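A.B. asks: Listed below are the residues making up each chain.
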Amino acid sequence: MEDTQKKYAHIKGWGIDADPKNEPTYPMKRYTGDDHNRLNWPRPTQQPTHQMEILHSNERPNLTAVFGTSSPPSGLSGMIRRMAFKHSENSYLHWLPLILADRVNVVEGVVDDLLHGHVPNIFAEKGWKAEWKHNRKGLITKVAVSTAVTAALLTLTLKKKK
Amino acid sequence: MLAMNYRGPFRVRVDHKPQPEILHPNDAIVKVTRSCICGSDLHLYHGLVPDTRVGMTFGHEFIGTVEALGPSVQNLKVGDHVIVPFNIACGKCAFCKQGLYGNCHESNPHATAVGGIFGYSHTAGGYDGGQAEYVRVPYADVGPVVIPDDMDHDDAVLLTDVVPTGYQAAEMGGIKTGDTVVVFGAGPVGIMAAKCAWLFGAGRVIVIDHIEYRLDFVRKYAQCEAYNFNSIGDPVLFLKKATDWFGADVCIDAVGGDAAGNAMQTITGRKLMLQAGSATALHWAINSVKKGGIVSIVGVYGPTDNLVPIGNVVNKGITIRANQASVKRLLPRLIEHVKAGRIDPKAIISHRVPLQEVAEAYHIFSAKLDNCIKPILIP
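Order-wise, the sequence lines are chains E and P.
With positions in the first sequence counted from 1, the corresponding number in my numbering is that position plus 5.
With positions in the second sequence counted from 1, the corresponding number in my numbering is that position plus 158.
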């Protein structure tokens with residue numbers, strides 16, 4: 006052991022948390038037996054919903070004692086999310102509609118911005134200022150390739166129409 | 159108040175939002191003094207996590223001063239400067255009582271498979287996060303820990319997630335003295351996992367990634383070997399040879415669903431979203447570990463399915479251990495390590511960015527520009 010300590014002397018704290026008795030280690034080591042009481046622990050005070058719609062997994066009987074209140078479901082994406090939550094976390098019918106709802110929500114976000122008189126600056130939101138500063142050549146190439154591909158597609162489409 | 163506002167994949171901005179309010183008797187309102195962008199925030203930013211809603215504020219790594227308290231809070235006072243663990247935990251459920259603070263059953267109504275996490279989609283509870291001037295902190299008597307007077311705030315903010323996650327990755331590996339530990343990923347968590355593996359007595363630590371500046375950093379910071387998977391051929395074969403054809407004793411997946419390195423995994427996992435992210439690192443971990451070895455997973459994956467060689471897990475008798483870091487459980491020990499100079503968290507901070515420039519910060523981190531390792535936001 007002394008040799009080993011010497012070997013790793015350049016590493017501050019080497020072996021300081023080595024504990025052969027700590028095996029099997031986390032997450033197994035503090036088992037209390039309370040699992041067999043199932044959900045019957047003394048619950049924390051329930052956070053009121055104040056009529057806000059909070060969706061909850063159908064794999065649990067109720068809301069958790071606290072929950073986040075960011076971006077409640079609304080619009081078409083909200084309808085899709087409500088449908089998704091009718092299915093369990095075990096089902097693709099839960100997760101795939103949620104991904105779809107996220108994409109619909111992006112369009113809703115743009116519409117909402119416009120309705121509030123805000124034209125979203127997509128370039129700023131994508132952080133392209135940083136790209137310009139740190140990867141100018143890459144950005145110029147990206148824009149040039151995208152422009153060329155778009156122009157080619159437009160030309161092809163217009164030719165077909167003629 | 160100013161807060162980061164998610165607008166869709168690869169699109170974020172700063173907006174004025176209403177200040178958070180006390181919604182539960184055990185809530186605190188914290189004025190944020192430091193906030194980080196985490197590698198796992200990039201999974202949200204890239205649109206990989208289901209139920210990530212437009213308008214949400216991300217951010218689960220933050221510290222700040224207590225601005226207001228609910229009537230039942232007893233362990234904090236207004237003005238305390240606190241480390242807020244990224245997990246929201248009640249301290250009363252069967253899981254919290256076992257120290258599984260990352261698996262609380264009273265903090266996330268939207269999914270039973272994951273506990274509540276600040277600013278991490280509705281799949282993790284729908285909480286607005288700390289990339290803002292103020293944040294609501296539920297269960298204020300359970301999670302937050304007052305920052306010791308002599309601790310640098312840059313160190314403190316990294317104790318909310320990165321350091322505990324890296325430490326727990328090594329802990330779950332059940333490292334025995336002299337073990338060879340392979341860490342996949344040289345991001346902030348992988349760097350910490352490599353550093354912490356030594357604390358558990360590892361005899362050899364190897365990090366695998368493909369970003370050269372990060373490999374250079376981890377070689378110096380964690381005093382370990384580091385290899386670029388683009389220049390070593392098949393990484394599994396490389397690791398077999400490097401371990402005398404035996405396999406590593408412990409493999410750690412510190413990458414998760416954004417992994418590069420395998421075209422099929424990248425296309426199906428990251429581009430087409432037919433998997434819950436690209437499982438390249440986990441695939442390599444399973445195939446690189448010895449028979450009877452341990453694979454420790456802290457990389458974040460989505461909630462659906464992944465393509466991994468589960469048959470090899472069976473045939474090799476591998477133990478897989480995985481969890482979100484139980485930050486509250488680990489903080490006392492990690493504070494000791496930081497104070498004693500065994501871990502120097504702030505050394506991984508590469509960028510300090512005003513909150514107003516959050517879009518640039520996300521892009522720099524995501525695109526790995528300007529040798530970015532860890533960006534922190536200053537409100």
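A portion of the hints provided could be inaccurate.
[To be verified] Restraint-style ranges between C-beta atoms, simulated for each label pair:
id, chain 1, residue 1, chain 2, residue 2, range
1, E, Arg141, P, Asp502, 46 to 56 Å
2, E, Ser151, P, Val236, 32 to 42 Å
3, P, Val236, E, Gln51, 21 to 31 Å
4, P, Pro467, E, Ala156, 41 to 51 Å
None of these hints come from the bench; they were simulated from the model.
All of these numbers come straight from a predicted model, not from anything done at the bench.
Every residue, glycine too, gets a C-beta built ideally from N, C-alpha and C.
A.B. asks: Next step is simple, just say for each hint if it's right about the structure.
C.D. replies: Hint check:
no.	hint	in the structure
1	E:Arg141 - P:Asp502: 46 to 56 Å	violated (34 Å)
2	E:Ser151 - P:Val236: 32 to 42 Å	violated (52 Å)
3	P:Val236 - E:Gln51: 21 to 31 Å	holds (25 Å)
4	P:Pro467 - E:Ala156: 41 to 51 Å	holds (45 Å)
Hints 1 and 2 from the list above are not met by this structure, while the remaining hints are.
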